[in-house]
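Student: Residues per chain are reported as follows:
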Amino acid sequence: MSDPRIAGASVTKFGKHPERTGRDLFAEAGLEALSQAGIDPEDAEALYYGNFMGELAEHQGHQGPLMAEAIGLDVPATRVEAACASAGTAVREAVKTIRNGEAEVVVVGGAERMTNIGTAAATDALAIAADDLYEVRAGMTFPGAYALMARSYFDQYGGSHEDLAHIAVKNHEHALVNEHAQIQQEITVEDALEAPTIATPLGLYDSCPITDGAAAAVLTTEAYAEEHDLDAPVAITGTGQGGDNLALQDRPHLAQTPAADKAAEEAYDDAGVGPDDVDFAEVHDCFTIAEVFAIESLGFYERGEGIAAARDGETTRDGDRPINLSGGLKAKGHPVGATGVAQLATVAWLLDGSHPRADAVPDSTVGVAHNAGGTVASTTVHVMEVQE
Amino acid sequence: MTESAQDGEYDEWLDSIESGEGYYLECSNGHGWLPPRRVCPRCHDQDLSAVDLPESGEIASHTTITVPTPQFEDDAPYVTAIADFGPVSVTGLVRDVDPDDVAIGDVVGLDVGERVTTGDRAVVFRPR
Numbered sequence: 001m002s003d004p005r006i007a008g009a010s011v012t013k014f015g016k017h018p019e020r021t022g023r024d025l026f027a028e029a030g031l032e033a034l035s036q037a038g039i040d041p042e043d044a045e046a047l048y049y050g051n052f053m054g055e056l057a058e059h060q061g062h063q064g065p066l067m068a069e070a071i072g073l074d075v076p077a078t079r080v081e082a083a084c085a086s087a088g089t090a091v092r093e094a095v096k097t098i099r100n101g102e103a104e105v106v107v108v109g110g111a112e113r114m115t116n117i118g119t120a121a122a123t124d125a126l127a128i129a130a131d132d133l134y135e136v137r138a139g140m141t142f143p144g145a146y147a148l149m150a151r152s153y154f155d156q157y158g159g160s161h162e163d164l165a166h167i168a169v170k171n172h173e174h175a176l177v178n179e180h181a182q183i184q185q186e187i188t189v190e191d192a193l194e195a196p197t198i199a200t201p202l203g204l205y206d207s208c209p210i211t212d213g214a215a216a217a218v219l220t221t222e223a224y225a226e227e228h229d230l231d232a233p234v235a236i237t238g239t240g241q242g243g244d245n246l247a248l249q250d251r252p253h254l255a256q257t258p259a260a261d262k263a264a265e266e267a268y269d270d271a272g273v274g275p276d277d278v279d280f281a282e283v284h285d286c287f288t289i290a291e292v293f294a295i296e297s298l299g300f301y302e303r304g305e306g307i308a309a310a311r312d313g314e315t316t317r318d319g320d321r322p323i324n325l326s327g328g329l330k331a332k333g334h335p336v337g338a339t340g341v342a343q344l345a346t347v348a349w350l351l352d353g354s355h356p357r358a359d360a361v362p363d364s365t366v367g368v369a370h371n372a373g374g375t376v377a378s379t380t381v382h383v384m385e386v387q388e
Numbered sequence: 001m002t003e004s005a006q007d008g009e010y011d012e013w014l015d016s017i018e019s020g021e022g023y024y025l026e027c028s029n030g031h032g033w034l035p036p037r038r039v040c041p042r043c044h045d046q047d048l049s050a051v052d053l054p055e056s057g058e059i060a061s062h063t064t065i066t067v068p069t070p071q072f073e074d075d076a077p078y079v080t081a082i083a084d085f086g087p088v089s090v091t092g093l094v095r096d097v098d099p100d101d102v103a104i105g106d107v108v109g110l111d112v113g114e115r116v117t118t119g120d121r122a123v124v125f126r127p128r
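Protein sequence lines correspond, in order, to chains A and B. Using UniProt numbering, count along the first sequence one by one with no gaps and you end on 388. Using UniProt numbering, count along the second sequence one by one with no gaps and you end on 128.
Chain A with its partners taken away, still in its complex shape:
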């Protein structure tokens, strides 16, 4: 069994590109990833592609073959949908395909066009990742769902909106040098606390923006990389996926994310590492509180202790284990179906030293990507390591 190597990766500039079609966004990322990989596109044998709301935003279903065509490939192409974890789940499928020996070169990616339909329609589209009968019809929005989880966390473990503000401040600061990021603007704790409320206790700066963008990566076997003299030092050594009840009301705890616990445990076991071995992580901070759930589920913090990590400077770029050096979803942006692959690309670039924040983790060998869908009813975790 060969752990897939990341031979090339690319992300578009994340932001507001309302006039750009999904296929054009993905073509930019996919062609650049193939170019970076230095692989003959004829060798690609499959495409796994993440997308969540293409039917609602672009009236476009059946995106697998459309996106393969957009990057000039004639391969079996499968669209993967797991809400905001669509691309992470696509990565997992690509990893399994390579490990199973079914392909030597697989393209994985994702794209989302969101801003063309406006904030209200995008909020509506995102809400369909929740339970329509029991949540959406009770007025649940995604900020609302995470607000329910945040309030429950504060009630059970303590913590405050000010603690969450430190997460937003950190991720905005991390994104300042990331040219792909949607928001490159320093903010203060006061800015975050004074921002308009979206769903109490969460405000504007607790929430990631609505984003257009795409990401792609080319995965290959160690043997193929050696044979073709590719520069591909980073391998995906562990993959994990977990699930949970779709509706919050059906879960025993509102302030825990067991789907991510399961995904992390599986990925760590698969890679033969533990939380203490991880140098840094890109985690799914669609809302500030989500970063807290992520770093607790990844085993970096005990339950109830992740809330203080950013405030205490442990997850900042000069901290012991930096979290979201890209700026996270909060500042980098969150084109839903692309996010999991953008995280993969970020981790690979931080490990190979080519990311603008790589100086924060100069001798790192192990990085993790955590991609969550809905209110963490789907989660993928991938462990990436620098190989000899």
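One or more hints might be untrue.
What the hints assert, rightly or not - Label-pair restraints from in silico Cβ distances: (1) A:Glu179 <-> B:His44: 43 to 53 Å; (2) A:Lys13 <-> B:Cys43: 13 to 23 Å; (3) B:His44 <-> A:Gly158: 48 to 58 Å; (4) A:Ile128 <-> B:Pro87: 25 to 35 Å; (5) A:Glu179 <-> B:Gly30: 48 to 58 Å; (6) A:Glu45 <-> B:Pro99: 53 to 63 Å; (7) A:Glu179 <-> B:Asp15: 49 to 59 Å; (8) B:Ser28 <-> A:Gln184: 32 to 42 Å; (9) A:Ile128 <-> B:Gly113: 21 to 31 Å; (10) A:Glu190 <-> B:Pro41: 42 to 52 Å; (11) A:Ile128 <-> B:Arg38: 46 to 56 Å; (12) B:Glu9 <-> A:Glu302: 37 to 47 Å; (13) A:Ser354 <-> B:Asp7: 49 to 59 Å; (14) A:Ser160 <-> B:Pro54: 52 to 62 Å.
Said to hold, decoys possible - Not close to chain B: a few residues of chain A, all C-beta gaps over 10 Å, as computed: (15) Gln36; (16) Gly38; (17) His62; (18) Thr115; (19) Thr141; (20) Gly144; (21) Gly158; (22) Ile187; (23) Leu193; (24) Ala223; (25) Asp231; (26) Glu265; (27) Asp318; (28) Asp363.
In short, the hints are calculated from the structure, not lab data. Only a predicted model underlies this, so the values are computations on that prediction, with no experimental measurement involved. In this text, a Cβ means the ideal position worked out from N, Cα and C, and glycines have one as well.
Using the hints, position chain B against chain A.
Tutor: Chain B alone, transformed into the frame defined by chain A:
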């Protein structure tokens, strides 16, 4: 979205609450769920029976939503909460309370109300 066709057991469940005979489904091991369910997702038991919902529950968490979807445009700001009714929890809109006064632990009853924007039925909680 105005629902044209009925959603099977979901609408029947709302009917049951409206007529004061609200219920939930319970498996042999005491796990509670709302319909439609054919199996307990926690223990795989398929022997589910309808049990009367308790008359009151407690707010487990709540949020006042100020940025709504278009279907709740005229409802906003509104309070969405999850209330704990023992073996089962329910999501609903909190009514008849100032949003600033809603708190975890508040005792509420279950009712069916109307959404302001669309006029569709919705689960609502009122203080008891």
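Student: Closest CB-CB distance from glycine 144 of chain A to chain B, is it above 10 Å?
Tutor: At roughly 5 Å from the nearest Cβ of chain B, glycine 144 of chain A sits no farther out than 10 Å, so the non-interface label is violated.
Student: That 48 to 58 Å hint for glutamate 179 of chain A and glycine 30 of chain B (C-beta), does it hold up?
Tutor: Holds, since glutamate 179 of chain A and glycine 30 of chain B (Cβ atoms, about 55 Å apart) stay within the stated range.
Student: Mind checking the hinted window 32 to 42 Å against the Cβ distance between serine 28 of chain B and glutamine 184 of chain A?
Tutor: violated, 57 Å
Student: Assuming the hint says 48 to 58 Å, is it satisfied by the Cβ distance from histidine 44 of chain B to glycine 158 of chain A or not?
Tutor: Violated: the Cβ-Cβ distance is about 36 Å, outside 48 to 58 Å.
Student: Does glutamine 36 of chain A clear chain B by more than 10 Å, comparing its Cβ with all Cβ atoms of that chain?
Tutor: Correct as stated: the minimum Cβ-Cβ distance to chain B is 38 Å, above 10 Å.
Student: Just tell me: holds or violated, for the beta carbon distance of isoleucine 128 of chain A and arginine 38 of chain B against 46 to 56 Å?
Tutor: violated, 23 Å
Student: When you take the CB atoms of serine 354 of chain A and aspartate 7 of chain B, is the distance between them in 49 to 59 Å?
Tutor: Hint holds: Cβ distance 51 Å, inside 49 to 59 Å.
Student: Can you let me know if the beta-carbon spacing of isoleucine 128 of chain A and proline 87 of chain B is within 25 to 35 Å?
Tutor: Holds, since isoleucine 128 of chain A and proline 87 of chain B (Cβ atoms, about 28 Å apart) stay within the stated range.
Student: Given a hint of 53 to 63 Å, does the C-beta separation of glutamate 45 of chain A and proline 99 of chain B actually sit inside it?
Tutor: Check passed, 55 Å falls within 53 to 63 Å.
Student: Does the beta carbon distance between glutamate 179 of chain A and aspartate 15 of chain B stay inside 49 to 59 Å, or does it fall outside?
Tutor: holds, 56 Å
Student: Can you let me know if the beta-carbon spacing of glutamate 190 of chain A and proline 41 of chain B is within 42 to 52 Å?
Tutor: For glutamate 190 of chain A and proline 41 of chain B the Cβ distance comes to about 44 Å; the hint holds.
Student: Does the claim that aspartate 318 of chain A lies outside the interface with chain B hold up, using a Cβ gap greater than 10 Å?
Tutor: Answer for aspartate 318 of chain A: holds, closest chain B Cβ roughly 34 Å.
Hint compliance for this structure: hints 2, 3, 8, 11, 14, 19, 20 are not met, and every other hint is.
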